[in-house]
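2 protein chains.
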Amino acid sequence: MEIGEFELLAKFRERLPASGPRIHTASGDDAAITLPGTATATSVDAIVDGVHFSRDWASPSEIGHKAIAAALSDLAAMGAEPGEAYLALGVPDDLSETGCLELVDGAAAVASRFGVSIAGGDLTASPVLSVSVTVVGHAADPELLVRRDGAEAGDVLILTGALGGASAGLAICREPSAGEGLSADLCDSLSLRQLRPTPRLDAGLALARMGATAMIDVSDGLGGDARHISAQSGCALVIELDKVPVSEGVAEVAETLGLPAFALIGGGEDYELLAAVPPDRVDEALAEIAKLDTGATVVGRALA
Amino acid sequence: MEIGEFELLAKFRERLPASGPRIHTASGDDAAITLPGTATATSVDAIVDGVHFSRDWASPSEIGHKAIAAALSDLAAMGAEPGEAYLALGVPDDLSETGCLELVDGAAAVASRFGVSIAGGDLTASPVLSVSVTVVGHAADPELLVRRDGAEAGDVLILTGALGGASAGLAICREPSAGEGLSADLCDSLSLRQLRPTPRLDAGLALARMGATAMIDVSDGLGGDARHISAQSGCALVIELDKVPVSEGVAEVAETLGLPAFALIGGGEDYELLAAVPPDRVDEALAEIAKLDTGATVVGRALA
Chain A
159 MEIGEFELLA KFRERLPASG PRIHTASGDD AAITLPGTAT ATSVDAIVDG
209 VHFSRDWASP SEIGHKAIAA ALSDLAAMGA EPGEAYLALG VPDDLSETGC
259 LELVDGAAAV ASRFGVSIAG GDLTASPVLS VSVTVVGHAA DPELLVRRDG
309 AEAGDVLILT GALGGASAGL AICREPSAGE GLSADLCDSL SLRQLRPTPR
359 LDAGLALARM GATAMIDVSD GLGGDARHIS AQSGCALVIE LDKVPVSEGV
409 AEVAETLGLP AFALIGGGED YELLAAVPPD RVDEALAEIA KLDTGATVVG
459 RALA
Chain B
159 MEIGEFELLA KFRERLPASG PRIHTASGDD AAITLPGTAT ATSVDAIVDG
209 VHFSRDWASP SEIGHKAIAA ALSDLAAMGA EPGEAYLALG VPDDLSETGC
259 LELVDGAAAV ASRFGVSIAG GDLTASPVLS VSVTVVGHAA DPELLVRRDG
309 AEAGDVLILT GALGGASAGL AICREPSAGE GLSADLCDSL SLRQLRPTPR
359 LDAGLALARM GATAMIDVSD GLGGDARHIS AQSGCALVIE LDKVPVSEGV
409 AEVAETLGLP AFALIGGGED YELLAAVPPD RVDEALAEIA KLDTGATVVG
459 RALA
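Going down the list, the protein sequences come from chains A and B.
Quick note on the numbering used here: the first sequence kicks off at 159 and runs consecutively.
Quick note on the numbering used here: the second sequence kicks off at 159 and runs consecutively.
To be clear, the hints were calculated from the coordinates, so they are not data collected in a lab.
The structure displayed is predicted, hence computed values, not measured ones.
Careful, some of the hints might be misleading.
Chain copies aren't distinguished; within one or between two, either way the pair holds.
[Unchecked claim] No more than 25 Å apart at the CA atoms, straight line, and that leaves these computed lysine to any residue pairs for SDA-like: (1) LYS169 to ASP307; (2) LYS169 to ARG271; (3) LYS169 to GLY392; (4) LYS449 to ALA409.
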């Protein structure tokens with residue numbers, strides 16, 4: 159695309175009516191002016207064509223969706239109330255203006271669903287499509303935000319949802335024959351786990367309220383993410399792999415690919431939450447998350 | 159570079175001791191936790207190899223410097239007190255780990271000079287080197303932040319520093335013969351205007367205190383940036399080009415290139431500030447900025 163940067167930014171702004179209780183002045187100036195609460199959680203997450211997605215199989219709308227959902231997942235893992243997002247787009251020559259607007263619309267739909275204001279951003283030419291998203295979440299007190307370093311021996315590990323769907327979906331996106339033997343609906347559902355992930359913001363807030371002592375989103379794979387909690391909390395974590403829920407169809411895709419099912423479970427990008435919860439709050443936490451339709455499962459515990 | 163992402167991020171954190179009155183928990187978690195003031199100004203600015211710099215003539219340290227300086231310049235243009243920065247790096251295979259660390263060190267040096275905490279970020283593989291920087295500034299009241307939309311007829315336009323140096327420096331970086339006839343020191347000084355720009359944070363704060371009604375940083379070129387103020391404030395701006403200070407050596411480089419000098423003055427990337435100031439505060443504003451060694455000049459005024 160030959161970028162008419164200012165004209166295109168003006169079109170973005172028309173589609174992103176950034177408003178909300180914390181927005182004083184949204185984009186269109188050197189910076190957005192916001193009125194934050196007592197504590198903020200801020201995270202940056204970038205996705206790049208050929209690394210985190212491919213334009214061969216992801217539409218611009220899906221790329222915008224994934225970029226903002228992946229960033230918001232970090233706020234979910236803090237138990238933060240989502241507030242604002244800022245999009246920095248690197249746009250190659252061969253992405254049309256329509257494609258850019260579809261990408262922004264895809265991001266805006268996710269933002270809107272979770273009450274997030276897209277308050278600003280940047281647009282630049284780039285040899286490769288990249289989307290860097292900065293998200294800001296809020297809390298009434300910094301101690302309400304759940305870090306990775308508070309797990310204690312005896313805490314119970316709770317996992318939201320099921321794993322493996324994003325990796326199986328990636329295999330199907332790349333090569334549809336990976337889904338052979340599955341129904342078209344199931345193939346679609348797995349692909350959407352890869353293309354349109356859901357940040358577990360409500361579950362994160364619920365787990366924070368239930369006294370979660372440590373929490374992380376399963377974006378890099380269950381094993382690696384659990385090790386982050388373990389290292390930062392200074393305790394061992396035991397995960398019972400046979401208790402980890404696996405998305406429907408994952409085992410079949412793994413078999414088609416000639417892989418063990420756990421290779422897909424550990425593939426990351428499922429954007430579920432892994433939380434350490436004190437034992438006396440576990441039943442309550444499971445019941446709260448069941449109300450959200452996400453579901454949650456006890457998958458292990460923290461040891462000294 | 160073959161990225162050992164977690165190991166390299168750990169090295170980044172060792173070099174970026176993010177601390178400060180507003181930092182509760184810096185990077186190393188899903189998000190940084192900060193304790194903001196009443197109002198925040200947030201901006202994102204990305205630079206990409208081949209678009210905003212070239213690794214052929216910019217060192218990793220200079221790329222890190224420029225990325226954060228360009229982002230902080232947007233906070234200067236708001237009259238915000240700089241607070242935190244978040245770096246998202248897209249790193250190609252052929253940038254070594256040493257190169258990555260030099261880039262981060264270059265960014266950290268600028269941050270440190272202006273009291274900015276690098277509180278978090280992201281690291282991803284990318285076919286091309288890109289650095290996206292999110293900066294957050296603070297103010298005790300949102301009305302203390304200077305937008306682009308408040309200029310009124312009668313306001314006087316003040317420009318900090320001198321223009322053209324960054325464009326002349328770019329020409330010299332690309333082709334040293336563009337500086338022929340100039341001393342080596344002067345060539346270096348022009349190159350540094352391109353490679354290591356200075357965000358005018360102190361001048362921005364001073365202009366805000368002096369009641370600036372509108373302000374912008376001259377990053378895209380004086381004409382275009384003035385038009386942003388004009389359009390958003392709903393008044394005409396007259397700039398007397400013969401009053402615009404031009405950096406030493408710019409006229410000579412323009413002549414060598416066979417260009418009129420104003421082609422370089424309008425080239426952008428000088429990161430000076432253009433502010434509209436009520437007429438009764440102009441002398442005081444000029445005196446304040448003179449104290450900062452930046453200098454400032456009356457270059458025009460706002461008309462109805």
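Now the hints, each set against the structure:
1. LYS169 to ASP307: For LYS169 and ASP307, only the inter-copy Cα distance (19 Å) is at most 25 Å; the intra-copy one is 43 Å.
2. LYS169 to ARG271: within (21 Å within a copy, 37 Å between copies)
3. LYS169 to GLY392: Between. Shortest inter-copy distance 20 Å satisfies the 25 Å Cα cut-off; intra-copy 49 Å does not.
4. LYS449 to ALA409: Neither way: LYS449 and ALA409 sit 27 Å apart in one copy and 70 Å across, limit 25 Å.
Hint check: a violation occurs at hint 4 only; the rest are consistent with the structure.
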